[in-house]
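**Student:** Sequence:
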Amino acid sequence: MKRLKRNLNLFIVAITFGATILTFNACASDEDIAAVVADEEAAEEADDSDFVATDWTAETHSKDADPNFDEVFEDNAVKRLDIVITETRWQSMLDDMTNLYGTFGSGAVGAGGPVGGGPGGPVETALDEEDPIFVPGEVFYNGKEWYRVGVRFKGNSSLKTSWESGILKLSFKLDFDEFEDDYPQIDNQRFYGFKKLSLKNNFNDNSMLREKVATDVFRNAGLVSSHAAFYTVYVDHGNGPEYFGVYTLVEEVDDTVLDEQFSDDNGNLYKPDGDAATFALGTYNESEYVKKTNEDEGDFSDIESLLSILHDDTRTTDPVAWRTNLDAVLDTDVFLKYLAVNTVIQNWDTYGRMTHNYFLYNNPDTSKLTWIPWDNNEALETGNMQGALPLDFSGLNASEWPLIGYLYQDSVYKSQYDTYVQEVVDGAFNVSTMQSTYSTYASLVQPYAISEIEGYTFLNNSSDFQSAVNELNTHVSARASAASDYLN
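Numbering-wise (the working numbering), the sequence shown opens with residue 7 and increments by one.
Among the hints, a few may not be true.
[Stated by the list, open to error] Now the in silico label distances, taken between C-beta atoms and shown as ranges:
hint, residue 1, residue 2, range
1, S417, E186, 49 to 55 Å
2, S269, S311, 21 to 27 Å
3, G111, V326, 57 to 63 Å
4, N467, K420, 16 to 22 Å
[To be verified] SDA-like mimics (lysine to any residue), calculated; alpha carbons at most 25 Å apart, straight line:
hint, residue 1, residue 2
5, K160, D188
6, K277, D308
7, K277, D371
8, K297, F268
9, K420, N226
10, K150, G108
11, K202, D333
12, K297, S269
13, K277, D265
14, K298, G280
15, K85, I173
16, K277, D318
17, K297, D337
18, K166, K150
19, K298, R225
20, K160, V296
21, K298, D319
22, K150, N74
23, K297, E266
24, K420, D319
25, K69, D265
26, K277, D333
27, K85, E258
28, K202, D76
29, K277, G304
30, K420, D324
31, K202, D72
32, K160, G280
No lab work stands behind these hints, which were simulated from the structure alone. Glycine residues also receive a C-beta, built at the ideal position from the N, C-alpha and C atoms.
Generate coordinates for the entire structure from the input sequences, incorporating the hints supplied.
**Tutor:** Here you go:
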């Protein structure tokens, strides 16, 4: 009922207030901007659905176009994205955030870590069962307009903490055909082949590099992982474009990651969140194994099988049979490689410390659940909540985190894990390669990072950026030494 009321309110807003038709480019003159602002104000008085998608091309807007990764996720550039939302719709987004998280700038929680929790076992991090509302807005990129795009705030503790800290640099989710039922002109609208994209605000990352670098490392190690790229974001919610700062644009798993990195995208995709995400005995809860595909099908047999086999007595009485059965339902090789990468680079805000930030996809080609990492802004550092797990997982309660604990206790799986640890430090997370990467990316991002403004930044001063980059360089060297000590 709560969601129904919010959607109804949003619908009323959608049919009452017009959306902007302001077209941006970085070289527009004051006279040009004034003219299009006048056009915008006139358009708001007209029917919101009465527009022509004049910038629409097959390559840039059509569902038939293949995803253009080179354009959207270019490595060696910081691109600009403009989001334009009417003043009334923007206010509805802020009002909704107030309903969800309280008064903006209340200061109840400082930046730098998750809300709640403490040392020890799993931590429940879901803050609200509702996502913030979508509203229609326009997206402008490289002189072209995307129409009535679904725009909402996104995040979990990072969203709540930023909001309460009075920082308006909030993460966004974009869905380019969210409102196609209301606006037939945008039926199956895409952004260079992408339906959904996340704009991450680089919360708790003064370098603003971690999200992109971590997902690159996962992919370079041969794992399925999202693409990411650096963008500056400007938002116009009635007073002209305002600089919201440096964001990381991230490819959505339930969109093109499945389409492009698997040969078949018809399997069950889960985004576990809550106690059930630990796979500890007795935690099974279908509502916490959140389905992102095949949502209307009540079949959770793949998850049930994993939980059952993981805790079967054969783990200790007949390890060969246990591994055989486990290998049939979980791609253990992928998981162990992921575990090696994640533990070498350090990432505390995921499985092993926190009950979220990963996907499981039942790959139809193998009928095995495959691990996919997600949300990496807290990677590449020791972190909070007792810090990232040590390479030998000392101190981990195996029964609370059995996917790590039980596999590591098995000599065969441990040997595979150790092999991957060596491969990671020799390859995808090699010291010289990473320090060169940090240097390149830092040079790209620095001018835009130190130009962020108060109220739209997590930096206290411009030197915070370079200090954070220096820490990344020190970190990769320290991790190579830690891996050497562990293996030897």
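**Student:** Each hint needs a verdict: does it hold in this structure or not?
**Tutor:** Checked hints:
1. The hinted window of 49 to 55 Å between S417 and E186 holds, with their beta carbons roughly 54 Å apart.
2. Separated by about 22 Å at the C-beta atoms, S269 and S311 satisfy the suggested range of 21 to 27 Å.
3. For G111 and V326, the hinted distance range of 57 to 63 Å is satisfied, since their beta carbons lie about 59 Å from each other.
4. Range check, N467 to K420: about 45 Å between beta-carbon atoms, so the 16 to 22 Å window is missed.
5. Proposed proximity of K160 and D188 is supported: the alpha carbons are some 23 Å apart, at most 25 Å.
6. Simply put, K277 and D308 have alpha-carbon atoms about 14 Å apart, close enough for the 25 Å limit, and the pair holds.
7. Straight-line distance between C-alpha atoms of K277 and D371 comes to about 20 Å, which keeps the hinted pair within the 25 Å bound.
8. Distance hint between K297 and F268 is fulfilled; the C-alpha atoms sit about 18 Å from each other, no more than 25 Å.
9. Taking the CA atoms of K420 and N226, the gap is about 22 Å. The hint holds against a cut of 25 Å.
10. The hinted pair formed by K150 and G108 fails the criterion: a straight-line CA distance of about 36 Å is larger than 25 Å.
11. Restraint check: the Cα-Cα separation between K202 and D333 comes to about 32 Å, which exceeds 25 Å; the hinted pair is violated.
12. A threshold of 25 Å between alpha carbons decides the hint, and for K297 with S269 the separation of about 20 Å falls inside it, so the pair holds.
13. Using a Cα cut-off of 25 Å, the hinted pair K277 and D265 holds, with the two alpha carbons roughly 17 Å apart.
14. Taking the CA atoms of K298 and G280, the gap is about 16 Å. The hint holds against a cut of 25 Å.
15. Annotation: proposed proximity of K85 to I173 holds, straight-line Cα distance about 22 Å (limit 25 Å).
16. A hinted pair counts as satisfied when its Cα atoms are at most 25 Å apart, and K277 with D318 qualifies at roughly 24 Å.
17. About 19 Å separates the Cα atoms of K297 and D337, which keeps this hinted pair within 25 Å; it holds.
18. About 33 Å separates the Cα atoms of K166 and K150, which puts this hinted pair outside 25 Å; it is violated.
19. Taken as a hint, the K298 and R225 pair is honoured in the structure, with Cα atoms around 22 Å apart against an allowance of 25 Å.
20. The suggested pairing of K160 with V296 holds, with an alpha-carbon distance near 16 Å, which does not exceed 25 Å.
21. At roughly 32 Å between alpha-carbon atoms, K298 and D319 are farther apart than 25 Å, so this suggested pair is violated.
22. Under the criterion of a C-alpha separation no larger than 25 Å, the hint pairing K150 with N74 is consistent with the structure, at around 15 Å.
23. Annotation: proposed proximity of K297 to E266 holds, straight-line Cα distance about 19 Å (limit 25 Å).
24. Note on K420 and D319: the hinted pairing holds, with a Cα-Cα distance of about 19 Å set against a maximum of 25 Å.
25. Simply put, K69 and D265 have alpha-carbon atoms about 13 Å apart, close enough for the 25 Å limit, and the pair holds.
26. Taking the CA atoms of K277 and D333, the gap is near 21 Å; set against the 25 Å cutoff, the hint holds.
27. Distance check on the hinted pair: K85 and E258 sit about 19 Å apart at the alpha-carbon level, within 25 Å; holds.
28. Restraint check for K202 and D76: satisfied, since their Cα atoms lie roughly 17 Å apart, inside the 25 Å limit.
29. With a C-alpha separation of about 15 Å, the suggested pair K277 and G304 falls inside the 25 Å cut-off, and the hint holds.
30. Taking the CA atoms of K420 and D324, the gap is about 17 Å. The hint holds against a cut of 25 Å.
31. Only pairs whose Cα atoms come within 25 Å are accepted, and K202 paired with D72 is accepted, the gap being roughly 14 Å.
32. Taking the CA atoms of K160 and G280, the gap is near 18 Å; set against the 25 Å cutoff, the hint holds.
Of the hints listed earlier, those the structure fails to meet are numbers 4, 10, 11, 18 and 21, in rising order.
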